[in-house]
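Protein chains: 2
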Amino acid sequence: MSIAAAQVQNTSVITVPVPLGDRAYDILVGRGLIEVAGPRIAALGARAAAIVTDEHVGPLYAQALSQSLQANGLRSSVITLPPGEATKSYTSLERVCDAVLEAKIERGDLVVALGGGVIGDLAGFVAAIVRRGVRFVQVPTTLLSQVDSSVGGKTGINSRHGKNLVGAFHQPSLVLADTALLDTLPVREMRAGYAEVVKYGLIDDARFFAWCEANWHGIFNGDLERDEAVAQSCRSKAAVVVRDEHETGDRALLNLGHTFGHALERITRYDSARLVHGEGVAIGLNLAFRFSAALGLCAISDAERIEAHLAVVGLPTRLSHVPGGCGTVDELLDAMAQDKKVKGGSLTFILAKGIGQSFIAPGIEAEKVRAFLTGEINASRS
Amino acid sequence: MSIAAAQVQNTSVITVPVPLGDRAYDILVGRGLIEVAGPRIAALGARAAAIVTDEHVGPLYAQALSQSLQANGLRSSVITLPPGEATKSYTSLERVCDAVLEAKIERGDLVVALGGGVIGDLAGFVAAIVRRGVRFVQVPTTLLSQVDSSVGGKTGINSRHGKNLVGAFHQPSLVLADTALLDTLPVREMRAGYAEVVKYGLIDDARFFAWCEANWHGIFNGDLERDEAVAQSCRSKAAVVVRDEHETGDRALLNLGHTFGHALERITRYDSARLVHGEGVAIGLNLAFRFSAALGLCAISDAERIEAHLAVVGLPTRLSHVPGGCGTVDELLDAMAQDKKVKGGSLTFILAKGIGQSFIAPGIEAEKVRAFLTGEINASRS
Numbered sequence: 001m002s003i004a005a006a007q008v009q010n011t012s013v014i015t016v017p018v019p020l021g022d023r024a025y026d027i028l029v030g031r032g033l034i035e036v037a038g039p040r041i042a043a044l045g046a047r048a049a050a051i052v053t054d055e056h057v058g059p060l061y062a063q064a065l066s067q068s069l070q071a072n073g074l075r076s077s078v079i080t081l082p083p084g085e086a087t088k089s090y091t092s093l094e095r096v097c098d099a100v101l102e103a104k105i106e107r108g109d110l111v112v113a114l115g116g117g118v119i120g121d122l123a124g125f126v127a128a129i130v131r132r133g134v135r136f137v138q139v140p141t142t143l144l145s146q147v148d149s150s151v152g153g154k155t156g157i158n159s160r161h162g163k164n165l166v167g168a169f170h171q172p173s174l175v176l177a178d179t180a181l182l183d184t185l186p187v188r189e190m191r192a193g194y195a196e197v198v199k200y201g202l203i204d205d206a207r208f209f210a211w212c213e214a215n216w217h218g219i220f221n222g223d224l225e226r227d228e229a230v231a232q233s234c235r236s237k238a239a240v241v242v243r244d245e246h247e248t249g250d251r252a253l254l255n256l257g258h259t260f261g262h263a264l265e266r267i268t269r270y271d272s273a274r275l276v277h278g279e280g281v282a283i284g285l286n287l288a289f290r291f292s293a294a295l296g297l298c299a300i301s302d303a304e305r306i307e308a309h310l311a312v313v314g315l316p317t318r319l320s321h322v323p324g325g326c327g328t329v330d331e332l333l334d335a336m337a338q339d340k341k342v343k344g345g346s347l348t349f350i351l352a353k354g355i356g357q358s359f360i361a362p363g364i365e366a367e368k369v370r371a372f373l374t375g376e377i378n379a380s381r382s
Numbered sequence: 001m002s003i004a005a006a007q008v009q010n011t012s013v014i015t016v017p018v019p020l021g022d023r024a025y026d027i028l029v030g031r032g033l034i035e036v037a038g039p040r041i042a043a044l045g046a047r048a049a050a051i052v053t054d055e056h057v058g059p060l061y062a063q064a065l066s067q068s069l070q071a072n073g074l075r076s077s078v079i080t081l082p083p084g085e086a087t088k089s090y091t092s093l094e095r096v097c098d099a100v101l102e103a104k105i106e107r108g109d110l111v112v113a114l115g116g117g118v119i120g121d122l123a124g125f126v127a128a129i130v131r132r133g134v135r136f137v138q139v140p141t142t143l144l145s146q147v148d149s150s151v152g153g154k155t156g157i158n159s160r161h162g163k164n165l166v167g168a169f170h171q172p173s174l175v176l177a178d179t180a181l182l183d184t185l186p187v188r189e190m191r192a193g194y195a196e197v198v199k200y201g202l203i204d205d206a207r208f209f210a211w212c213e214a215n216w217h218g219i220f221n222g223d224l225e226r227d228e229a230v231a232q233s234c235r236s237k238a239a240v241v242v243r244d245e246h247e248t249g250d251r252a253l254l255n256l257g258h259t260f261g262h263a264l265e266r267i268t269r270y271d272s273a274r275l276v277h278g279e280g281v282a283i284g285l286n287l288a289f290r291f292s293a294a295l296g297l298c299a300i301s302d303a304e305r306i307e308a309h310l311a312v313v314g315l316p317t318r319l320s321h322v323p324g325g326c327g328t329v330d331e332l333l334d335a336m337a338q339d340k341k342v343k344g345g346s347l348t349f350i351l352a353k354g355i356g357q358s359f360i361a362p363g364i365e366a367e368k369v370r371a372f373l374t375g376e377i378n379a380s381r382s
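Listed in order, the protein sequences are those of chains G and Z. Residue numbers for the first sequence follow full-length UniProt numbering, so the first one is 1 and each next one is one higher. Residue numbers for the second sequence follow full-length UniProt numbering, so the first one is 1 and each next one is one higher.
Extracted from the complex, chain G is given alone in its bound form (with noise of 0.2 Å):
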């Protein structure tokens, strides 16, 4: 028995089940999963998979997979893009929906996305529109990609007038969350998934922050915590997923800490060099419960403790950790005002009355907001 055999047979797996009718599919976590992912996958039926993957990724783990599908019975091709956010465009679109015809793919075949949220979010979006939807299955790199994006069907590509403006629900047929592919991602991006992995404590489950106060560590390391963290994560959003697949109510709650976060995006020009998604979120995080004590909501104890807890991983918890700065009041308001959860002279937040204990408030005046901003960034300086 070779090496990686011997270690996936030690593997436990846990099994996260996403229950949404003839659309239900199954998030399996652990440890070397990708070793048999060409069983797993070929356990779906289907003749053919398109490989989508990155220049970061590919080389390391595409051709394997691509041989572990082969070997598995599935024809079996490799599309790779280059890395980072510009690759979610019309061209890198058509370029890979056409790559994905070359390839053969038919209805019952599959388009598999290894990477992580570019080109989950790209090859997801290649899956619902090649032959009006082929089957695909997500084997996210990243934690976040494993703790969010993978979750819930949203694909798509950037538009000239924001993010994610064009694309489908379309849910994945399976998704191989390998926990071990983490062990070489760059600490901080580790960093920066784990504030979508505290996000799901502060939602509606208090113990579950608990537990990762208690148990950071060993999800950074590589622990069985790491495996325990990702599957719980999955488990509260396809809890929300399931209770509102498209977004029409409860699935808002997801947004916490995501309106201040993507002002903070916008005003940094989306440059990753200073300010990555889950940064902005940890900063929107801990600024969505400091704005609730403001409003009287919940106690400054919670949002204090959620402070504590998120800088000793090392996360950005304020506005003056923005490198280069986060812009005068009325730019963050400009920058909150772009996001679709604008209505009028008003704004919906995610707010909180204590952790574990948020909700969907609308019509918060933008004066509140502007008073509890300027606070903020008076105390910064002082």
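One thing to keep in mind: the hints can contain errors.
Since the list gives no way to pick one copy over another, a pair counts as held whenever it fits inside one copy or between any two copies.
[To be verified] Simulated pairs of lysine to aspartate or glutamate, EDC-like, Cα-Cα distance not exceeding 16 Å:
id	residue 1	residue 2
1	K163	E106
2	K163	D98
3	K353	D205
4	K163	E102
5	K353	D204
6	K368	D330
7	K353	E304
8	K163	D271
9	K163	E85
10	K368	D334
Since the hints were made in silico from the structure, they are not lab data. Computed from a predicted structure; not experimentally measured.
Starting from the structure of chain G, add chain Z where the hints point.
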């Protein structure tokens, strides 16, 4: 009261419901419907509409439609594209998606397709993917699009690998089939659309075929029979689509005449000067019944009756009617083998036991098709 308003009041509107659960919608059929499009569309409750049209149809109706929408409280804009199949491209897709976003169309708002099948397919696809899906309304302006492409939710663009290979299933919220718009349709386009009308009778409604034989003059003349023919065609297609929305079974019946027809379109290189889709379908319908007769499935007299009717309205019915020739047997078989309906050495045909008794016939050996086509070509030479 204006003349237009008086005409509207005298219009009898036929409502064809398409009962697709939470995607249910109505097809309205009648003369002068475009005059009351504003209130009908406004009743859907949107705040804005982006009208997508082409350079032929737009100058005739787009401004009036836009004003009618605005008079009923909808912000409205017009996007005009070149006419013709080449508009179903990635380039147009990007252009229209960006124009719709520029027009600030939100989730609850509308894309309105004003044109024939090309505009309907493209605009419907844009509606399916902008913001992961906005609503859309079809105002089909050709007989073909009124009875075929505006029913059933198939949307899409062409790829260099083939027609309609990239797209989505996206049901409209409303279809307004104004039969008066067909008064100015070139007779060749009218005939081509009529081939699809006849098809519905041939699939499973012998009475409707007999009714067409008796009433085709009224349909072409714009009498009340035209409204009834459009409505009955929509009812027929809707019944099939409701049974099989995503084409996994019964919906293939709608391909009656299309395996031969698509092959002829390919051989004539989609050159509409030589052959338009409906002409290919007319020849294909006759061949499907002649092939069924050759296989001993149906009486040759049924095929002869169909051919006589198609000929009387001025449609081509034989391979020898293709301007510039239909190619050799091998070329025809090759063109059929490129069709989605081919598996291994056998083809899936829609065959018939008689008029109104069509069925899906998988596993028809290529050799039987070859023998039949050889006979057809030899007969045309003698």
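Here is how each hint holds up against the structure:
no.: 1; hint: K163 / E106; result: between (30 Å within a copy, 15 Å between copies)
no.: 2; hint: K163 / D98; result: between (23 Å within a copy, 12 Å between copies)
no.: 3; hint: K353 / D205; result: within (13 Å within a copy, 63 Å between copies)
no.: 4; hint: K163 / E102; result: between (28 Å within a copy, 14 Å between copies)
no.: 5; hint: K353 / D204; result: within (11 Å within a copy, 62 Å between copies)
no.: 6; hint: K368 / D330; result: within (13 Å within a copy, 75 Å between copies)
no.: 7; hint: K353 / E304; result: within (14 Å within a copy, 78 Å between copies)
no.: 8; hint: K163 / D271; result: within (14 Å within a copy, 39 Å between copies)
no.: 9; hint: K163 / E85; result: within (9 Å within a copy, 30 Å between copies)
no.: 10; hint: K368 / D334; result: within (14 Å within a copy, 69 Å between copies)
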